[in-house]
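First to last, the protein sequences are chains A and B.
Number 146 in our numbering belongs to position 146 of the first sequence; there are no gaps in the numbering.
Number 410 in our numbering belongs to position 410 of the second sequence; there are no gaps in the numbering.
FYI, nobody ran anything at the bench for these hints, they're computed from the structure.
These numbers were taken from a predicted model, which means no experiment stands behind them.
Ideal Cβ placement from N, Cα and C applies to all residues, glycine included.
Don't take every hint at face value.
[Claimed, not checked] Covered stretches of chain B (in silico footprint by chain A; criterion: 3 or more residues with CB under 8 Å from a CB of chain A, positions within the stretch not fixed):
#	region
1	79-85
2	307-315
[Claimed, not checked] Sample of chain B residues with no beta-carbon within 10 Å of chain A, all distances over it, derived:
#	residue
3	73
4	109
5	129
6	289
7	290
8	320
9	333
[Stated by the list, open to error] Now the stretches of chain B that chain A is said to cover, found in silico as 3 or more residues with beta-carbon under 8 Å:
#	region
10	14-22
11	46-54
12	62-71
Protein chains: 2
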Amino acid sequence: MALIVHKYGGTSMGSTERIRNVALRVAKWVRAGHQLVVVPSAMSGETNRLLGLARELAPTPTSAAAERELDAIAATGEQVSVGLLALALQAQGLDAVSYAGWQVPIATDSAFTKARIERIDDTRVRADLAAGKVVIITGFQGIDGQGNVTTLGRGGSDTSAVAVAAAMKADECLIYTDVDGVDTTDPRIVPEARRLASISFEEMLEMASLGSKVLQIRSVEFAGKYRVPLRVLSSFTPWDIAIDEEARSGTLITFEEDEKMEQAVVSGIAFNRDEAKITVMGVPDRPGIAYQILGPVADANIDIDMIIQNVSHDGKTDFSFTVHRNDYAKTLDLLKSKVAPATNAAQVLGDPKICKVSIVGIGMRSHVGVASKMFRTLSEEGINIQMISTSEIKTSVVIDEKYMELAVRALHKAFELEQPVPAA
Amino acid sequence: MALIVHKYGGTSMGSTERIRNVALRVAKWVRAGHQLVVVPSAMSGETNRLLGLARELAPTPTSAAAERELDAIAATGEQVSVGLLALALQAQGLDAVSYAGWQVPIATDSAFTKARIERIDDTRVRADLAAGKVVIITGFQGIDGQGNVTTLGRGGSDTSAVAVAAAMKADECLIYTDVDGVDTTDPRIVPEARRLASISFEEMLEMASLGSKVLQIRSVEFAGKYRVPLRVLSSFTPWDIAIDEEARSGTLITFEEDEKMEQAVVSGIAFNRDEAKITVMGVPDRPGIAYQILGPVADANIDIDMIIQNVSHDGKTDFSFTVHRNDYAKTLDLLKSKVAPATNAAQVLGDPKICKVSIVGIGMRSHVGVASKMFRTLSEEGINIQMISTSEIKTSVVIDEKYMELAVRALHKAFELEQPVPAA
Chain A
1 MALIVHKYGG TSMGSTERIR NVALRVAKWV RAGHQLVVVP SAMSGETNRL LGLARELAPT
61 PTSAAAEREL DAIAATGEQV SVGLLALALQ AQGLDAVSYA GWQVPIATDS AFTKARIERI
121 DDTRVRADLA AGKVVIITGF QGIDGQGNVT TLGRGGSDTS AVAVAAAMKA DECLIYTDVD
181 GVDTTDPRIV PEARRLASIS FEEMLEMASL GSKVLQIRSV EFAGKYRVPL RVLSSFTPWD
241 IAIDEEARSG TLITFEEDEK MEQAVVSGIA FNRDEAKITV MGVPDRPGIA YQILGPVADA
301 NIDIDMIIQN VSHDGKTDFS FTVHRNDYAK TLDLLKSKVA PATNAAQVLG DPKICKVSIV
361 GIGMRSHVGV ASKMFRTLSE EGINIQMIST SEIKTSVVID EKYMELAVRA LHKAFELEQP
421 VPAA
Chain B
1 MALIVHKYGG TSMGSTERIR NVALRVAKWV RAGHQLVVVP SAMSGETNRL LGLARELAPT
61 PTSAAAEREL DAIAATGEQV SVGLLALALQ AQGLDAVSYA GWQVPIATDS AFTKARIERI
121 DDTRVRADLA AGKVVIITGF QGIDGQGNVT TLGRGGSDTS AVAVAAAMKA DECLIYTDVD
181 GVDTTDPRIV PEARRLASIS FEEMLEMASL GSKVLQIRSV EFAGKYRVPL RVLSSFTPWD
241 IAIDEEARSG TLITFEEDEK MEQAVVSGIA FNRDEAKITV MGVPDRPGIA YQILGPVADA
301 NIDIDMIIQN VSHDGKTDFS FTVHRNDYAK TLDLLKSKVA PATNAAQVLG DPKICKVSIV
361 GIGMRSHVGV ASKMFRTLSE EGINIQMIST SEIKTSVVID EKYMELAVRA LHKAFELEQP
421 VPAA
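If we strip away everything but chain A, and leave its shape as in the complex, we get (with noise of 0.2 Å):
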């Protein structure tokens, strides 16, 4: 007997026809020995409706206390799934109870809208489990302590599901989504794309980070605190599906290195078309320009991804970053109505129509040439690099994002993703 969570993206909780096929899944697990803590999201759609009307009445709620109202009006949704799955769960004649994540308690910090988990407290949980009982508890959400219902920002039911399997040391945390796990890039640009059937949670991390939307990145920053054996899986397979097959499906995010993973020197190819591209150039080399230049943008509450400086000329060098593209225009504004004055910059540039493609992969700790070889794949396709940055297992580079598909493709090919990797 393991002791299992499940979570459930909004999507295989969109209707009532599916939640009953959420339960027909949950009682096969249950009635093959295990005990289960389900984490459901809000039907599809139903935390856009809520936080719809919310924003008529207010359009711009900035306030703590607008926020909390918020939080209160959102978090809702996964109350009402939680709900409707006990009762589903019922039907099936399974024991099972909901919660709120107020109920369980989820301990979180005040911050509405990106509360942050502090502890769980799973007496009330555990009790539930041993007395047979499917226990069901809402994603997103938490109390803070003052008593306030919180929310854990977009995606936060992952990371409330990471967090139970943490607090419970749960067997292992199985995540449904609507895609079959994790594949080496997205397979609606290159139709080749292959499902891994193992990634380290670095390679993870960066692939959340890097735009790949299959789990949220605070889950798996978790997930790797606390060492969560957590798996990505469809919800679309049938339910009734073998348990075995089934438990072997989808992605494996792996912790230990000397686990027999995939060996691949790349895992997959990230892509991402939010950011853009500002350049400060003719600035004076001198020491603390760098802060002079992205301090006010940091104040303004801005964050920066990727930053590059170039080699100085005569005493002068340009620097250029990429920000969000939604805080391009504020970014490019601030830049030269105080920054560049401030700092005698020759002038600010700035190019919203930019991507960002990254290979990732932790076998690039221990193969040298696989930037290059990067870097020689784009160019044999004729596109340009327009800005570099590395780390131990990824490599990102910024280009002209017409070029975005045609890039992703080759490297894909270059780095021979489409074929299965040898059994290690």
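Fit chain B to the supplied structure of chain A, relying on the hints for placement.
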């Protein structure tokens, strides 16, 4: 400065536009110097939508475990509306905070779907009011001793509002509805029906239990028990009418008989076509026979309303009683299969096509001949009376349902209810 509780029904909360109107009205009261606690219902249609989803998964939820889930699901409707109203008030520049029943807390017993309020801790609410905030509390729900969400049953938001007003010793509880107040009878049947400026608590209780849908009967009982000054008024007056005018509008429910109140003999005509009549004929007239007949009905959890026992002839008597029309088939079956054989009854007859018409008035206590005037009026219209039941302040008759409108109109005219009562 007074402490005022406002309660708004689902129609008043039916859209963001209407919620904004509620906020404007509440803001007007706050700016007039009052402390406000607001108890809104769920947006109209929402509770039905939620319970409809539940019914798709659990068509006949009867276990306590299922009812617990139904309550958790249904309670979210009000949790959304309090949050939206708080945002709307904040947009008016007021400090506002919303609480779900469990946050106040409003403590109830564990009778899911029909819980009763046991006590309300107003510490948190009082602190907020003292800090200048408008406090918004979910209607319809509370929390039991085990931390489960409970609901009070349909119309429970009226009860929540009155209970909050009682616990906080509010100066007045204003129930905003989609009617103008309490009328002498339903204006859809008698166009001359007149709004009552005031009505005694006992009369209101009879009106509510006899079918007038203006207030939920439990809320009236609660108001009576704790002497909560209660006023029913329209949420469809323009929000910006003068506050004095608004405070005097609608119908005041009074407790002091020596208050200057309308001294009509009869205050209103109530009616109800939700009942059905059952007659057990030719049973032996001996001690214990009433229990032998009605005991099994009560044991089957069927509520009995009126009961009549005829004078006996030749040691035999007839029993007639009424039940809710939904229980008619079940009751008839029970009597024919179990009770009749056990009591040697000659026959069991049923008639679902009946209605109950009642005259209600505290003045009946001190006026003779009121009932006989009722019977004469019906007789002049050729309406046969099938059953009669009386209390100190009401007389009810059961008649063929096809005469209901005729009876109500004739009685309304006979007791001159269309005429304003001269001030006492």
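We went through each hint and held it up to the structure:
Restraint check on the region 79-85 of chain B versus chain A: 5 residues with Cβ-Cβ distances below 8 Å, three needed, restraint holds. Judged by the Cβ-Cβ criterion of 8 Å, the region 307-315 of chain B is not covered by chain A as claimed, because only 0 of its residues qualify and three are needed. A beta-carbon of chain A comes within 10 Å of the beta-carbon of residue 73 of chain B; the shortest separation is about 4 Å. Separation of residue 109 of chain B from chain A is adequate, the least Cβ-Cβ distance of about 18 Å exceeding the 10 Å criterion.
Every beta carbon of chain A lies more than 10 Å from that of residue 129 of chain B, the smallest distance being close to 15 Å; the non-interface claim holds. With 10 Å as the threshold on Cβ separation, the claim that residue 289 of chain B sits away from chain A holds: the shortest Cβ distance comes to roughly 43 Å. Against the 10 Å criterion, residue 290 of chain B stays outside the reach of chain A, whose nearest CB is about 40 Å from its own CB. The Cβ of residue 320 of chain B sits about 41 Å from the closest Cβ of chain A, beyond the 10 Å cut-off, so the non-interface label holds.
Non-interface call for residue 333 of chain B relative to chain A: holds, since the shortest CB-CB distance, roughly 28 Å, exceeds 10 Å. A count of 3 residues in the region 14-22 of chain B with a Cβ less than 8 Å from any Cβ of chain A is obtained; the coverage claim is therefore met, three being the minimum. With 3 residues bearing a CB less than 8 Å from a CB of chain A, the region 46-54 of chain B meets the requirement of three and the coverage assertion stands. Check result for the region 62-71 of chain B against chain A: holds, 6 residues qualifying (beta carbon to beta carbon below 8 Å, three or more required).
Checked against the numbered hints given earlier, the structure breaks hints 2 and 3 and satisfies all the rest.
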